[in-house]
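S.K.: Residues per chain, in single letters:
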Amino acid sequence: MDENKRNTNYKLYVESKVPKTKAWPSLFKAFLLGGLICALGQGFFDLYSYFFPNLSESETSTCMLMTIIFITCFLTGVGIYDVIGAWGGAGSVIPITGFSNSISSPAIEFKKEGIIYGICVKMFTIAGPVIVCGVVGSIIAGFIGLFI
Amino acid sequence: MINIWDYVISFLVGGFICFLGQILVIRTKITTARILVLFLIIGMVLEVFNVYAPFKEFAKAGATVPIIGFGASLARGAIMASKEYGLIGIFTGGLTAASGGIAMAIFASFIFALIFSSKTKRGGH
Amino acid sequence: MQTIKIKNPVYLLNGFSMVGPLEGEGPLKDYFDYILKDDTLKEKTFEKSERRLLLDIINGAIEKSGLTKSDIEFFFGGDLLNQIVSSSFTARELSLPFIGMYSACATMAEALALSAIFIDNGLASNVIAGTCTHFSSAERQYRFPLELGNQRPPTAQWTITGGGASVISKLPSNVRISAVTFGKVIDYGIDDVNNMGAAMAPAASDTICTHLTNMKAKSNDYDFIATGDLGKLGSEILIDLMEQRDIILGKNYADCGCMMFNKTQRVFMGGSGAGCSASVLNSYILHKLNAGEFKRVLLVSTGALMSTTTAQQGDTIPGIAHAVELEYVGKDSKSNSNNKQRSKSNKLKENKHSKRKS
Numbered sequence: 001m002d003e004n005k006r007n008t009n010y011k012l013y014v015e016s017k018v019p020k021t022k023a024w025p026s027l028f029k030a031f032l033l034g035g036l037i038c039a040l041g042q043g044f045f046d047l048y049s050y051f052f053p054n055l056s057e058s059e060t061s062t063c064m065l066m067t068i069i070f071i072t073c074f075l076t077g078v079g080i081y082d083v084i085g086a087w088g089g090a091g092s093v094i095p096i097t098g099f100s101n102s103i104s105s106p107a108i109e110f111k112k113e114g115i116i117y118g119i120c121v122k123m124f125t126i127a128g129p130v131i132v133c134g135v136v137g138s139i140i141a142g143f144i145g146l147f148i
Numbered sequence: 149m150i151n152i153w154d155y156v157i158s159f160l161v162g163g164f165i166c167f168l169g170q171i172l173v174i175r176t177k178i179t180t181a182r183i184l185v186l187f188l189i190i191g192m193v194l195e196v197f198n199v200y201a202p203f204k205e206f207a208k209a210g211a212t213v214p215i216i217g218f219g220a221s222l223a224r225g226a227i228m229a230s231k232e233y234g235l236i237g238i239f240t241g242g243l244t245a246a247s248g249g250i251a252m253a254i255f256a257s258f259i260f261a262l263i264f265s266s267k268t269k270r271g272g273h
Numbered sequence: 274m275q276t277i278k279i280k281n282p283v284y285l286l287n288g289f290s291m292v293g294p295l296e297g298e299g300p301l302k303d304y305f306d307y308i309l310k311d312d313t314l315k316e317k318t319f320e321k322s323e324r325r326l327l328l329d330i331i332n333g334a335i336e337k338s339g340l341t342k343s344d345i346e347f348f349f350g351g352d353l354l355n356q357i358v359s360s361s362f363t364a365r366e367l368s369l370p371f372i373g374m375y376s377a378c379a380t381m382a383e384a385l386a387l388s389a390i391f392i393d394n395g396l397a398s399n400v401i402a403g404t405c406t407h408f409s410s411a412e413r414q415y416r417f418p419l420e421l422g423n424q425r426p427p428t429a430q431w432t433i434t435g436g437g438a439s440v441i442s443k444l445p446s447n448v449r450i451s452a453v454t455f456g457k458v459i460d461y462g463i464d465d466v467n468n469m470g471a472a473m474a475p476a477a478s479d480t481i482c483t484h485l486t487n488m489k490a491k492s493n494d495y496d497f498i499a500t501g502d503l504g505k506l507g508s509e510i511l512i513d514l515m516e517q518r519d520i521i522l523g524k525n526y527a528d529c530g531c532m533m534f535n536k537t538q539r540v541f542m543g544g545s546g547a548g549c550s551a552s553v554l555n556s557y558i559l560h561k562l563n564a565g566e567f568k569r570v571l572l573v574s575t576g577a578l579m580s581t582t583t584a585q586q587g588d589t590i591p592g593i594a595h596a597v598e599l600e601y602v603g604k605d606s607k608s609n610s611n612n613k614q615r616s617k618s619n620k621l622k623e624n625k626h627s628k629r630k631s
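Protein chains in written order, with the numbering used here: chain R, 1 to 148; chain P, 149 to 273; chain B, 274 to 631.
What follows is a list of derived Cβ distance ranges for each label pair:
no. : chain 1 : residue 1 : chain 2 : residue 2 : range
1   : R       : I116      : P       : A251      : 16 to 24 Å
2   : R       : I148      : B       : T537      : 53 to 61 Å
3   : B       : I521      : R       : V18       : 17 to 25 Å
4   : R       : I116      : B       : S580      : 23 to 31 Å
5   : P       : I150      : R       : V78       : 28 to 36 Å
6   : P       : T240      : B       : T581      : 31 to 39 Å
7   : R       : P129      : B       : T537      : 36 to 44 Å
8   : B       : E336      : P       : A251      : 52 to 60 Å
9   : B       : V458      : P       : T240      : 47 to 55 Å
10  : R       : V132      : B       : K310      : 39 to 47 Å
11  : B       : Y307      : P       : K267      : 19 to 27 Å
12  : P       : Y233      : B       : S580      : 41 to 49 Å
13  : R       : P129      : B       : K310      : 34 to 42 Å
14  : B       : K302      : R       : P19       : 20 to 28 Å
The set of hints was computed from the structure by calculation and includes no laboratory data. Built from N, CA and C at the ideal position, the CB exists for glycine as well.
Please model the complete structure; the sequences and the hints are all you need to start from.
M.R.: Dropping the structure here:
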């Protein structure tokens, strides 16, 4: 029998065997968790604009994001965030908490390989692409900005 | 000046973005790093086409908290700086605008990595 | 021939199994020799915990079989970590001649098979075969950091914490190793690392088929056929693949990965890892064999032979499966050539057991 044909057939067969889980519960959880994190962000935003009225809107936004990032790193450290993430799926990844968790989790995990080769090197194993794409993308955006 | 509508719209819009992300997760087996990059780029594109500012005006934290907002601020920083400082601004603007978030993520991760160790999981979900 | 019959009596003298807390809550909890309360074993890193686990298992098995370390001539073992560090570091502590091997999760069957061949050919009289895995060390090597809040797809499997070791010997016991089959590496083009069961099932089906053909046996001649860690999906696929070859796997078939956990434990498709078949063999299967409840057992450990690098480069996942046939023989019958005699003594044994039970 032709090997490629056999493999394609087998792949199709396996796909048909994979249990179909109900999508709605996980979509709902992602919606709920993502929404709650954003509402929490709005809470911090209002809090900071009340206490520090001199800050500009974007500075207040930055403060709010930094607070959320800090809290996520803490929750990752005490081992709660992975449970939240396993529950909420994309609802925990797409808010800035996902970025923060993807930096802090390898840092904590690879601590045992030492500070330099563990924490510092492995910190960007997952979030590295975000920073790389962010920098490259912003430079491209800047070029576009020059001409408009 | 707490406006309850801000919270409702943040919840709904932020939740909807995550809902779209979850559809991707279920359909395509996408990994964490890829989701982050994808939505970051979406944010940048929105900013470049000047769509992000009105969207943020409408959605409040529902636009800034998702990684879309992070991408948009990187792009906005570079665009603003390019107008102000020319060529050098293209390179300095992006990271300057996003420096707060990145610095806090690195700093907090470093500190908490020194304090905490990873724990074994007791089953998934 | 792919199947090697063990002509001289080679016995599985005794086995020892040790598992982590999560596995210790599963349906086999009464069969394991030791259930850890703390899966770090008070070591600083999970890699250290894993090798500590293996060392404890090996020492436990030697002690349980009533031998001393000086009686053991070789240590056959392997594990899932890069450069099989857990086994080689354990061998350093044991100071036994070490034959390290890697067949991913099929290591236990490979180690048993080679041990049996060694003894069959008079190269040794007592050897030990063992392996183990640790969830946390496997997770950080193969997947993501433990604290990353990611979701696993429904086809994922759960690497178990635990393992087992068997002492293979010329000294008579109730369980004899009668034949072994080394499997071919088979790849049906599955490239999803979260669906290892599907990648390994073709290899398992090939090995089982070869073994049955060479032994001129049918699947229902065996009281128990156990695959290593195909998981729920993988074992369903295996049953279908076997049906295509006109071999029916019925109630006598089970997968060690599925047996390890309850349905309520959130482990997706079930357990996986080299320790999976090692711990189930040395607890449940060995117990049933010793009691005479199983007369003939086929253990087929399955392994997925990819690395993180090949997976990232988009290569498909090759699978392997090794089979070991275990038979119940009465301790009294030292010669196994006479089948009638054996079955008689089996009956005697059974009677003894049933008396004891009543």
